[in-house]
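Asks: Now for the letters of each chain:
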Amino acid sequence: RKEVEQDPGPFNVPEGATVAFNCTYSNSASQSFFWYRQDCRKEPKLLMSVYSSGNEDGRFTAQLNRASQYISLLIRDSKLSDSATYLCVVNIPQVTGTASKLTFGTGTRLQVTL
Amino acid sequence: DTEVTQTPKHLVMGMTNKKSLKCEQHMGHRAMYWYKQKAKKPPELMFVYSYEKLSINESVPSRFSPECPNSSLLNLHLHALQPEDSALYLCASSQVGTVSGANVLTFGAGSRLTVL
Numbered sequence: 029r030k031e032v033e034q035d036p037g038p039f040n041v042p043e044g045a046t047v048a049f050n051c052t053y054s055n056s057a058s059q060s061f062f063w064y065r066q067d068c069r070k071e072p073k074l075l076m077s078v079y080s081s082g083n084e085d086g087r088f089t090a091q092l093n094r095a096s097q098y099i100s101l102l103i104r105d106s107k108l109s110d111s112a113t114y115l116c117v118v119n120i121p122q123v124t125g126t127a128s129k130l131t132f133g134t135g136t137r138l139q140v141t142l
Numbered sequence: 109d110t111e112v113t114q115t116p117k118h119l120v121m122g123m124t125n126k127k128s129l130k131c132e133q134h135m136g137h138r139a140m141y142w143y144k145q146k147a148k149k150p151p152e153l154m155f156v157y158s159y160e161k162l163s164i165n166e167s168v169p170s171r172f173s174p175e176c177p178n179s180s181l182l183n184l185h186l187h188a189l190q191p192e193d194s195a196l197y198l199c200a201s202s203q204v205g206t207v208s209g210a211n212v213l214t215f216g217a218g219s220r221l222t223v224l
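Chains as they are written, first to last, in this note's numbering: chain A, 29 to 142; chain B, 109 to 224.
Bear in mind the hints are in silico, worked out from the structure with no lab data behind them. The reader is advised that the hints may include incorrect statements.
Partial selection, computed: residues in chain B whose CB lies under 10 Å from chain A [stated by the list, open to error]: (1) Lys126; (2) Lys130; (3) Ala139; (4) Tyr141; (5) Tyr143; (6) Lys146; (7) Pro151; (8) Ser170; (9) Arg171; (10) Phe172; (11) Asp193; (12) Gly216; (13) Ala217; (14) Val223.
All C-beta atoms in this analysis are idealised placements derived from N, C-alpha and C, irrespective of residue type, glycine included.
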């Protein structure tokens, strides 16, 4: 089983639609969860961190379900500019005092159309 | 303006060449990372440095040799690469431990490598 898995997509949605992405992770010791956005031929950029209680930033809502080991991202009122690849990132803790292994899911491509 | 700077942006090299990719950050981050990304694939972790010491090597072939001269700089030395090593090489940095912002990666714009 892969350490981090995502819906492969692509998701093609009309402007204004609501779209949801899921991501599952295999290591129960993981403590940090993130959603990144990557535009074509650009570097990934942090969209939002995911907290236990769930968190919202404008049209974007992230949820964490530790029992089932998955995180989700909900985008409401999709805009053309939301078209990108969405990557979930999960940490795998290492030896105390060293950086975690930060592993990316396979990514889900979103295309928002008129 | 990106806070992680990578040079060069593009590099073309032959299989017998030796070249280096460079990365610099001035955010006071004590973890630095090299990722490799092929087209339509996610970034794949190669190396992690924590406090200037190599803490993770994801079984990367020895033709890739990382170096962390100080807390702001990260290099990736390349020698005898293969055409299948052609990819976007991304450098990132983060805080370490439980401080605010730990594990949040800030990426450079990447170095696009073509091996002929």
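Asks: A separate judgement is required for each hint: does it hold in the structure or not?
Replies: Now the hints, each set against the structure:
With a cut of 10 Å, the hint placing B:Lys126 at the interface with chain A is violated, because the nearest CB-to-CB distance is about 26 Å. This hint is violated: B:Lys130 has a C-beta 16 Å from the nearest C-beta of chain A, more than the 10 Å allowed. Taken as an interface hint, B:Ala139 checks out: its beta carbon lies about 4 Å from the nearest beta carbon of chain A, inside 10 Å. Because the smallest distance between the Cβ of B:Tyr141 and any Cβ of chain A comes to about 7 Å, under 10 Å, the interface hint for this residue holds.
Because the closest C-beta pair between B:Tyr143 and chain A is about 8 Å apart, less than 10 Å, the hint holds. Hint status for B:Lys146: violated, given a least beta-carbon distance of 12 Å to chain A, over 10 Å. Checking B:Pro151 against chain A by beta carbon gives a least distance of about 5 Å; that is within 10 Å, so the hint holds. Interface hint status for B:Ser170: violated, as the beta-carbon distance to the closest one in chain A is roughly 20 Å, over 10 Å.
Interface hint at B:Arg171: violated, since its Cβ lies 22 Å from the closest Cβ of chain A, which is beyond the 10 Å cut-off. The restraint placing B:Phe172 at the interface with chain A is violated, with a minimum CB-CB distance near 17 Å, outside the 10 Å limit. A distance limit of 10 Å between C-beta atoms decides the matter here; for B:Asp193 the minimum to chain A is near 18 Å, and the interface restraint is violated. A cut of 10 Å between beta carbons decides the hint on B:Gly216: the least distance to chain A is about 6 Å, and the hint holds.
At about 5 Å, the closest approach between the beta carbon of B:Ala217 and any beta carbon in chain A falls short of 10 Å, and the interface hint on this residue holds. Of the supplied interface hints, the one on B:Val223 is violated, with its beta-carbon coming no nearer than about 19 Å to a beta-carbon of chain A, more than 10 Å.
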